[in-house]
Amino acid sequence: MKKSLVALALLGAFSAAHAQSSVTIYGTLDAGFAKTTNTTPGVSSPTTIGKRDNNKLGFRGQEDLGSGLKALFQLEIRFEPDTGTIEGVTRPLFQGQSRVGLQGDFGTIRLGRGLTALQESTVAYEPFNGLPNVAGFQTDLQVGGYRTSLAGSGSDPLGLAGNSGNRFANGVFYNSPVYNGFQLNFTWGTKENNGGPGAAIVGRGTAAAPQYAAGAMGSAYPYSVSATYTEPGSAPRYSILLANERNATEAKLWQIAGYVRPMPALKLMATYNKQDLDNFIAAGKPNHEMDSWVVGLNYTMGPGKLLLGYGQKNPDMVAKTKQASIGYEYSLSPRTYVYLDLSNKKLPTTATATTEITQNHYSMGIHHNF
Amino acid sequence: MKKSLVALALLGAFSAAHAQSSVTIYGTLDAGFAKTTNTTPGVSSPTTIGKRDNNKLGFRGQEDLGSGLKALFQLEIRFEPDTGTIEGVTRPLFQGQSRVGLQGDFGTIRLGRGLTALQESTVAYEPFNGLPNVAGFQTDLQVGGYRTSLAGSGSDPLGLAGNSGNRFANGVFYNSPVYNGFQLNFTWGTKENNGGPGAAIVGRGTAAAPQYAAGAMGSAYPYSVSATYTEPGSAPRYSILLANERNATEAKLWQIAGYVRPMPALKLMATYNKQDLDNFIAAGKPNHEMDSWVVGLNYTMGPGKLLLGYGQKNPDMVAKTKQASIGYEYSLSPRTYVYLDLSNKKLPTTATATTEITQNHYSMGIHHNF
Amino acid sequence: MKKSLVALALLGAFSAAHAQSSVTIYGTLDAGFAKTTNTTPGVSSPTTIGKRDNNKLGFRGQEDLGSGLKALFQLEIRFEPDTGTIEGVTRPLFQGQSRVGLQGDFGTIRLGRGLTALQESTVAYEPFNGLPNVAGFQTDLQVGGYRTSLAGSGSDPLGLAGNSGNRFANGVFYNSPVYNGFQLNFTWGTKENNGGPGAAIVGRGTAAAPQYAAGAMGSAYPYSVSATYTEPGSAPRYSILLANERNATEAKLWQIAGYVRPMPALKLMATYNKQDLDNFIAAGKPNHEMDSWVVGLNYTMGPGKLLLGYGQKNPDMVAKTKQASIGYEYSLSPRTYVYLDLSNKKLPTTATATTEITQNHYSMGIHHNF
Chain R
1 MKKSLVALAL LGAFSAAHAQ SSVTIYGTLD AGFAKTTNTT PGVSSPTTIG KRDNNKLGFR
61 GQEDLGSGLK ALFQLEIRFE PDTGTIEGVT RPLFQGQSRV GLQGDFGTIR LGRGLTALQE
121 STVAYEPFNG LPNVAGFQTD LQVGGYRTSL AGSGSDPLGL AGNSGNRFAN GVFYNSPVYN
181 GFQLNFTWGT KENNGGPGAA IVGRGTAAAP QYAAGAMGSA YPYSVSATYT EPGSAPRYSI
241 LLANERNATE AKLWQIAGYV RPMPALKLMA TYNKQDLDNF IAAGKPNHEM DSWVVGLNYT
301 MGPGKLLLGY GQKNPDMVAK TKQASIGYEY SLSPRTYVYL DLSNKKLPTT ATATTEITQN
361 HYSMGIHHNF
Chain E
1 MKKSLVALAL LGAFSAAHAQ SSVTIYGTLD AGFAKTTNTT PGVSSPTTIG KRDNNKLGFR
61 GQEDLGSGLK ALFQLEIRFE PDTGTIEGVT RPLFQGQSRV GLQGDFGTIR LGRGLTALQE
121 STVAYEPFNG LPNVAGFQTD LQVGGYRTSL AGSGSDPLGL AGNSGNRFAN GVFYNSPVYN
181 GFQLNFTWGT KENNGGPGAA IVGRGTAAAP QYAAGAMGSA YPYSVSATYT EPGSAPRYSI
241 LLANERNATE AKLWQIAGYV RPMPALKLMA TYNKQDLDNF IAAGKPNHEM DSWVVGLNYT
301 MGPGKLLLGY GQKNPDMVAK TKQASIGYEY SLSPRTYVYL DLSNKKLPTT ATATTEITQN
361 HYSMGIHHNF
Chain G
1 MKKSLVALAL LGAFSAAHAQ SSVTIYGTLD AGFAKTTNTT PGVSSPTTIG KRDNNKLGFR
61 GQEDLGSGLK ALFQLEIRFE PDTGTIEGVT RPLFQGQSRV GLQGDFGTIR LGRGLTALQE
121 STVAYEPFNG LPNVAGFQTD LQVGGYRTSL AGSGSDPLGL AGNSGNRFAN GVFYNSPVYN
181 GFQLNFTWGT KENNGGPGAA IVGRGTAAAP QYAAGAMGSA YPYSVSATYT EPGSAPRYSI
241 LLANERNATE AKLWQIAGYV RPMPALKLMA TYNKQDLDNF IAAGKPNHEM DSWVVGLNYT
301 MGPGKLLLGY GQKNPDMVAK TKQASIGYEY SLSPRTYVYL DLSNKKLPTT ATATTEITQN
361 HYSMGIHHNF
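Residue numbers (the UniProt record's numbering), protein chains in the order written: chain R, 1 to 370; chain E, 1 to 370; chain G, 1 to 370.
Excised from the complex, chain R in its bound form (with noise of 0.2 Å):
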């Protein structure tokens, strides 16, 4: 449950009741201290501050229409806390989100930016919360590799570099309503570019023509579609997630993902993804198919509440990756937690290298909802 400032609109609530307006403001802020071992081969970073969640400082609001229909909007800033930047420096103002949209009997449609179906789905069923901490499985093992890192890849292959690889921009976004526990999600996207650099997304065969040049439109509609199926009820016993995804560069990612509480303190999680870039990556090249599968539990004592991970990533002709980690959150109140996160980790030297390196992380900070 989110806790968050809702200042009433007081004019609507002296005027008529269709008036009835009001803005949350909510946000989060997390940052403490952490360490990787061997960032480059042989060498540590330095102690740092970091985050082991996503920064927030974002505005949102409804309006009842009438008939059962709500008019809705959500602007999320994204941002830094260890040195006030926006997030990642040059992402968008609103990189959580930027989304207006109706809701009804029908569910709810919006317009923006926002994740994809598939992205914003998974998160149920990873071991850290789906958070991107190094720690956590969600950015990277948990979407089998479908990443930014790899050109072409990512929900949003052709913006802006260095942008989030798990949004639409230019989306339409429909959630079902939920019928006996089941519920239907559907992301779509124009072809338009968005400010991609053209990074060399090869074509298949033809090694020195890209065929997504800076500036091109996408090849085709880029979509996202996830089904869930949970137990119906407050404390759910069982939940179960089939998706797809295609991006505008037609890369193609499968996942199906459950989790089962065999009783109430303990929460088994597992996902299997499966990716594939025949698109602009020929086969017998790195990268051309690859696939990924995380489990994982979390375990709850009164205020603390233990993460246990592991996962694989094994992509065509490239190293594997293999991550193993364990966190520990202690609640000091519903809205702050304070955490510890040890992770050991074996991923490929490069993008496309069949060497290793092997890093191992810590972090311990607190993580503060508003």
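What you were told as hints is all true, and nothing was included just to trick you.
Selected chain E positions facing chain G (in silico; Cβ < 10 Å):
(1) F59
(2) G96
(3) K191
Here are a few chain G residues that sit away from chain E, every Cβ distance over 12 Å (derived from the structure):
(4) T108
(5) F182
(6) N279
None of these hints come from the bench; they were simulated from the model. For glycine and all other residues, C-beta sits at the position ideal for the given N, C-alpha and C.
Use these hints to put chains E and G onto chain R, whose structure you have.
Same frame as chain R, but now just chains E and G:
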């Protein structure tokens, strides 16, 4: 009427009367589908997610200083809903405005950056609500080509590349009280350079020599003045505007506009402009002078509103621009409407061309104020 | 006392006590006219729209965690009121600060980016309220030339070009409780490079070899410490400050400052500084060492306040800087005042010059807190 959040200063409410602090958070999210044919000759844009109105997130407040005097401030972020970036990616964070000042019996005086008197007054006489959408007339035809696409023209010709052309930075903004329907508005700016890239603003008769190099100050103090007379009362049947502006590179603009409401549901509008770039374009050269006019109407039918407009721009030695537009708004509430716009526009292929191109445009979407 | 908006978390007020959420929106808008003579020798700046204080829009809050413990956060946007851009155009979005932490009997500890202990403490001893205006002494004379214009100096020498020189990024900020008037403040930073352009910070005796290239980490963990003693009570008659800071390139700064109030309306202030750049400037070279001092007073007369100050900076082998300033503030309310500042400054023509230039400055404007 703007509906928005009013978050009362509870500290103020509980303490002395002079501390009646309030900050209003307000904004607009507008997103929809759009398509324009012939964006380059023979090539139509793909369907895009676009906007009809400026998207904004603002903060404003006032403080009662006693004796009828108030302190006022307003800060307005502008952004692109489809990508989440700041408006135009590179515009100032508070592109909408950043102003502080005093209000009293003498009127309102503010310092900072905002729309000029002419640009702020003119929107009431434009059939598409003064919005910057492609189907509207405000940005191009209603101000007679006085805009950033023509070096030396626009309200801020020495501003950063990509800056909007209808604001003064480093400005003093005065609005008189309304006396029996009459109001005077005056904006004055310094000669400061606002980071202008020094586009080739060529001096008269000296084709090779720009008069305003990169970083150069203005040659004159820019000003903008508008005078309006509007029939007093809550439902004025007629209004007239006279306005004049001279920018820092001495481009000059005159405007006359008016509207009448022959019946409450019908508003008829017209604007005539004349622009003179004689300071830096010699007579007989393209764009030395130009005039433009726009006529249109709004017709309200219950929750629906029909928008119709036609306009022309006639620059010296350059092909005319001709635009016809039709729009429809359907209100879901006083704060939310959906829209459909269609327009047909003939325009020169470049800012100095005598050949023309025809573009058709449609857009449909949702507009939400908060 | 800061007056500002407190928008209570109504959700919290209606639910359990632990969710007493609140976000305070606060800020400052300050704009006015300014003019400086001899900004380049023989040339005066035109009249500009400028500022006396930093302009800010901030968000802060705290959560009661029970047992006297609180979680705190603060995010502060800085901007230029005359152009609407982020402060300095390129500074971080949350240039003011971005910090999160805990407060309890042990004091306050926060992580993120903010003013160093020395820089935060020193403003109480400066006759122009510690504001960064041209007539004030805080930015230049009160910190003894410890500032960004001198490569390797300032609190963040490895930060982005244009960054302010009085903050630590990647910092840990500790403030002790106040014990019988005594308080200790300590700031520590990591050695991380914050995007520094690697200006030529030349090693001692090796004129051609920069010690700190682009992207280089610091050679020491930076720290800043200040200790203050202020007479307990609501109207302290005297206070003293001792402070020391060493930055990531090992520039060192010592400071002693104090004030006395011989009568309630009169506050007399003095500061003495010493800076040592021995780590990267050899003895006998310009700016190897420098000292500076500032004296001043504030005299309150009803709603008016007179500000007077004089200071000198004496760098090795470089012309002295000498500044005299007079200011007047007239309060329209506890949150709003108008001001007039005049100053006369002699300073070296460049950071290493032995020749000097004289600048006169005036500014007048309005300062509004919300």
